[in-house]
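Trainee: The primary structure of each chain is shown beneath.
2 protein chains.
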Amino acid sequence: MTITEAPATALLTDHYELTMLQAALASGTAHRRSVFELFGRKLPEGRRYGVVAGVGRALEAIEAFRFDTATLDFLADERVVDDTTLAWLADYRFSGDVRGYGEGEAYFPGSPLLVVESTFAEAVLLETVLLSIYNHDSAIASAASRMIAVAGGRPCIDMGSRRTHEEAAVAAARAAYVAGFGATSNLAARQRYGVPSTGTSAHAFTLLHDTEADAFRAQVSSLGAGTSLLVDTYDVAEAVRLAVEVAGPELGAVRLDSGDLGALAVEVREQLDSLGARDTRIIVTSDLDEFAIASLASAPVDGYGVGTRLVTGSGHPTSAFVYKLVAREDDEGRMVPVAKKSTNKLSVGGSKRAVRRLSDGVAVAEVIAVDADPEPGDGTTDRPLHRDLVVGGEIVGRETLEAARERHAAAFAELPLAARSMTRGEPLLPTVYQS
Amino acid sequence: MTITEAPATALLTDHYELTMLQAALASGTAHRRSVFELFGRKLPEGRRYGVVAGVGRALEAIEAFRFDTATLDFLADERVVDDTTLAWLADYRFSGDVRGYGEGEAYFPGSPLLVVESTFAEAVLLETVLLSIYNHDSAIASAASRMIAVAGGRPCIDMGSRRTHEEAAVAAARAAYVAGFGATSNLAARQRYGVPSTGTSAHAFTLLHDTEADAFRAQVSSLGAGTSLLVDTYDVAEAVRLAVEVAGPELGAVRLDSGDLGALAVEVREQLDSLGARDTRIIVTSDLDEFAIASLASAPVDGYGVGTRLVTGSGHPTSAFVYKLVAREDDEGRMVPVAKKSTNKLSVGGSKRAVRRLSDGVAVAEVIAVDADPEPGDGTTDRPLHRDLVVGGEIVGRETLEAARERHAAAFAELPLAARSMTRGEPLLPTVYQS
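Chains A and B supply the protein sequences, listed in that same order. If you're matching positions, the first sequence starts at 30 in my numbering and goes up one per residue. If you're matching positions, the second sequence starts at 30 in my numbering and goes up one per residue.
FYI, nobody ran anything at the bench for these hints, they're computed from the structure. Be aware that a few hints might be false.
[Said to hold, decoys possible] Okay, derived cross-link-like pairs now, DMTMM-like style, lysine to aspartate or glutamate, Cα gap no bigger than 25 angstroms in a straight line:
hint: 1; chain 1: A; residue 1: Lys370; chain 2: B; residue 2: Glu267
hint: 2; chain 1: A; residue 1: Lys370; chain 2: B; residue 2: Glu296
hint: 3; chain 1: B; residue 1: Lys71; chain 2: A; residue 2: Asp360
hint: 4; chain 1: A; residue 1: Lys370; chain 2: A; residue 2: Asp360
[Unchecked claim] Derived CB-CB ranges, DEER-like:
hint: 5; chain 1: B; residue 1: Asp359; chain 2: A; residue 2: Ala99; range: 49 to 59 angstroms
hint: 6; chain 1: B; residue 1: Asp289; chain 2: A; residue 2: Lys71; range: 16 to 26 angstroms
hint: 7; chain 1: B; residue 1: Gly305; chain 2: A; residue 2: Asp359; range: 53 to 63 angstroms
hint: 8; chain 1: A; residue 1: Glu455; chain 2: B; residue 2: Ala439; range: 46 to 56 angstroms
hint: 9; chain 1: B; residue 1: Arg453; chain 2: A; residue 2: Glu361; range: 53 to 63 angstroms
hint: 10; chain 1: B; residue 1: Glu89; chain 2: A; residue 2: Ala119; range: 22 to 32 angstroms
hint: 11; chain 1: A; residue 1: Gly291; chain 2: B; residue 2: Asp289; range: 40 to 50 angstroms
hint: 12; chain 1: B; residue 1: Asp289; chain 2: A; residue 2: Ala99; range: 41 to 51 angstroms
hint: 13; chain 1: B; residue 1: Gly422; chain 2: A; residue 2: Val295; range: 41 to 51 angstroms
hint: 14; chain 1: B; residue 1: Arg307; chain 2: A; residue 2: Gln463; range: 47 to 57 angstroms
hint: 15; chain 1: A; residue 1: Glu431; chain 2: B; residue 2: Gln463; range: 48 to 58 angstroms
hint: 16; chain 1: B; residue 1: Gly253; chain 2: A; residue 2: Phe320; range: 38 to 48 angstroms
hint: 17; chain 1: A; residue 1: Gly291; chain 2: B; residue 2: Ala432; range: 43 to 53 angstroms
hint: 18; chain 1: B; residue 1: Gly406; chain 2: A; residue 2: Val295; range: 45 to 55 angstroms
C-beta: ideal position from N, C-alpha, C; glycine also.
The following block holds chain A by itself, in its conformation from the complex (with noise of 0.2 angstroms):
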């Protein structure tokens, strides 16, 4: 067994960070205190709120970003940034303030997601994995939550591991257990984070076996009748009658994975009920998003299964958020805002702080202050957005993931109605600007 450092996350990050660290180190602006933020310009097409994910793996990850003697070798070697910049960052600990947006949160175009304030070179080289990060597990959890709204108090599993990137897998199911899916198929999110993990068999055991019957018979044997049995690998009514006959009325579920999902749960269910299995629940996997699981709500399913949809975001892999410097010290010590002057890219300069406005309980509006606290409004009452991530370089910000998932239902639950439609339109939400 191969003993190694822990993985550092140091270089997760791009090239010119490390050069624009050398530049600012040589010319003497690299320890201007700067704020960072990192936001979305706007929603996916269509989409009517995201929300945020990640927040604890970022700062785990804020944690683990050291220079170690393995990776300032390499740089060196590479001579990919000088010998000054190479010592300044054997010491790099970032010792900074971060706030931001609690995970689970639902946000809206502009949200002020995370606000970084340090120097410029503390700042700047977090830049890339905290994007990475968030960019991946909110563009998860966003396509999570609504499948969550369409399915009705019906569990929904995250079934996708084999269709994206091994290690996003696990952050996938992270996320979406976070947006409220019940279950993972992935081992290492539930050793990592403590997402619960279900699963029983896949074709390949029915297609090992020399019948049907035998592997029906293997595998209640093994794992009990609460099992689920996959009943799709030859004729549907005859496994699911063999698959009563083997396990009894006790069987746990029966799952289906290809046809016309919600006539077959039809047909399932009367069988099922005509053989006494009327406790026995379907469950349903086959290429499923937020939209054939809206179209199953009247089918008689128990369970969903989800998989690509669920880890691609649902036609949406990614969150587009961007980090960017939007205030600075000057000569003289002063907080300046700062902004670049592009045609079709609006970025607001200056700190920010952010409300969640409610009237009646109900989310009307997301208020940010621009270097300031936000202003009350007339019978609204506000709800801060923003948490305490790090302060002076300690992370203060950790949480449990059913926190996490707590604050998801609940800010879900604020949203006007329209959030539990799939209908496209603009943001649920108007974001406000005070400044």
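For chain A, the structure is supplied; the task is to place chain B on it using the hints.
Mentor: The following block gives chain B in isolation, referenced to the frame of chain A:
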């Protein structure tokens, strides 16, 4: 610094692989000789060929697929499987054979990309991690190859790390390099795989300084006149004038990251030439994909930086590969082809070999023989597509990334001319089964 064990790949796996194993161990079928095949039923809609990537990473994952003490303790504590299964997993080591398409090879519907022969127990466990790697890496390589096809020899650079999971980013940089990209922004990809990395500065660097002139002077002073200056933070024409004033006509490149890139490139080229900076290159980087690259073919552009659309597979972030049991031993020790009988998911049973059939050096068919070697055609030549990757548990298929890159270039050159067109259509080659 924390010291931990090297990351094992065994838990990057679906729960049901282990429960199937448990049931098969109990029923006595676990050790039946089995053949699994990794393949795609179809190409993404409109795509005309795909590119295999991830082969080298998959071989690493097979080698690292071990159940160490911490993993076994976890599985025991959580009662994922029974003691008999745990004991078997403790000794797990893949001892079978794997052959498959070389990394960088083109593929078509039904191409048997991997053929895994071993016992059921040994081979089924590899399903999830092999699919994760192949599905992700091939999606990136397939998109990258199309971008290279239309870039007309101009270099393409991967800048997508921030828009995908942080580890997927490293794999994406590697896959894009296999498909012909010249470099990546990702430093971990350089460290782990030797992919060339590049990078200079972002808008934040310009905004950090009091003036654009200060920023340019700082960058050129530290990184040299050969650097690339980002000229669209404020006014492009003024920035180009300033860039040449600061760096001289030896300025390496200017980068445009917004606006109408084609029109801007024409203006900037004229301005650079008029300032005597005839060798200064123009790099463009805003939301590019294969269609945007094609539309810039006549613009005076010297290189493309591609981000989001590369790392998300340009609309197809996964490859839809499956891993199916296609043959297994029966009670008498004979191998029996098997396949699921489902209406909408066709599989062909049996162990396969494949050749690319060529006529006058141009690929004309993907010929797949079942349980036999392909029969040659008339007046055509056949190029075998399988390489031995693992023999008796020994990894024999390791090769350099350069070898994979060369294989891709050769395989692409062999395809019909339509491979260079972005027009949607049917797969370029028919898949012909012989049995």
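Trainee: Could you run down the list of hints and mark each one as holding or not?
Mentor: Right, here's what the structure says about each hint:
1. Lys370(A) - Glu267(B): 13 angstroms, holds
2. Lys370(A) - Glu296(B): 19 angstroms, holds
3. Lys71(B) - Asp360(A): Between Lys71(B) and Asp360(A) the Cα gap is close to 60 angstroms, so the pair fails against 25 angstroms, i.e. violated.
4. Lys370(A) - Asp360(A): 22 angstroms, holds
5. Asp359(B) - Ala99(A): 49 to 59 angstroms: The hinted range 49 to 59 angstroms holds for Asp359(B) and Ala99(A), with Cβ atoms some 52 angstroms apart.
6. Asp289(B) - Lys71(A): 16 to 26 angstroms: Holds, since Asp289(B) and Lys71(A) (Cβ atoms, about 20 angstroms apart) stay within the stated range.
7. Gly305(B) - Asp359(A): 53 to 63 angstroms: Taking Cβ atoms as reference, Gly305(B) and Asp359(A) lie about 35 angstroms apart, which means the hint is violated.
8. Glu455(A) - Ala439(B): 46 to 56 angstroms: 50 angstroms, holds
9. Arg453(B) - Glu361(A): 53 to 63 angstroms: 59 angstroms, holds
10. Glu89(B) - Ala119(A): 22 to 32 angstroms: 30 angstroms, holds
11. Gly291(A) - Asp289(B): 40 to 50 angstroms: 48 angstroms, holds
12. Asp289(B) - Ala99(A): 41 to 51 angstroms: 45 angstroms, holds
13. Gly422(B) - Val295(A): 41 to 51 angstroms: Given range 41 to 51 angstroms: holds, Cβ gap about 48 angstroms.
14. Arg307(B) - Gln463(A): 47 to 57 angstroms: 50 angstroms, holds
15. Glu431(A) - Gln463(B): 48 to 58 angstroms: 56 angstroms, holds
16. Gly253(B) - Phe320(A): 38 to 48 angstroms: 53 angstroms Cβ-Cβ, so the 38 to 48 angstroms window is violated.
17. Gly291(A) - Ala432(B): 43 to 53 angstroms: Holds, at about 49 angstroms.
18. Gly406(B) - Val295(A): 45 to 55 angstroms: 50 angstroms, holds
Hints 3, 7, 16, counting from the list given before, are not met by this structure.
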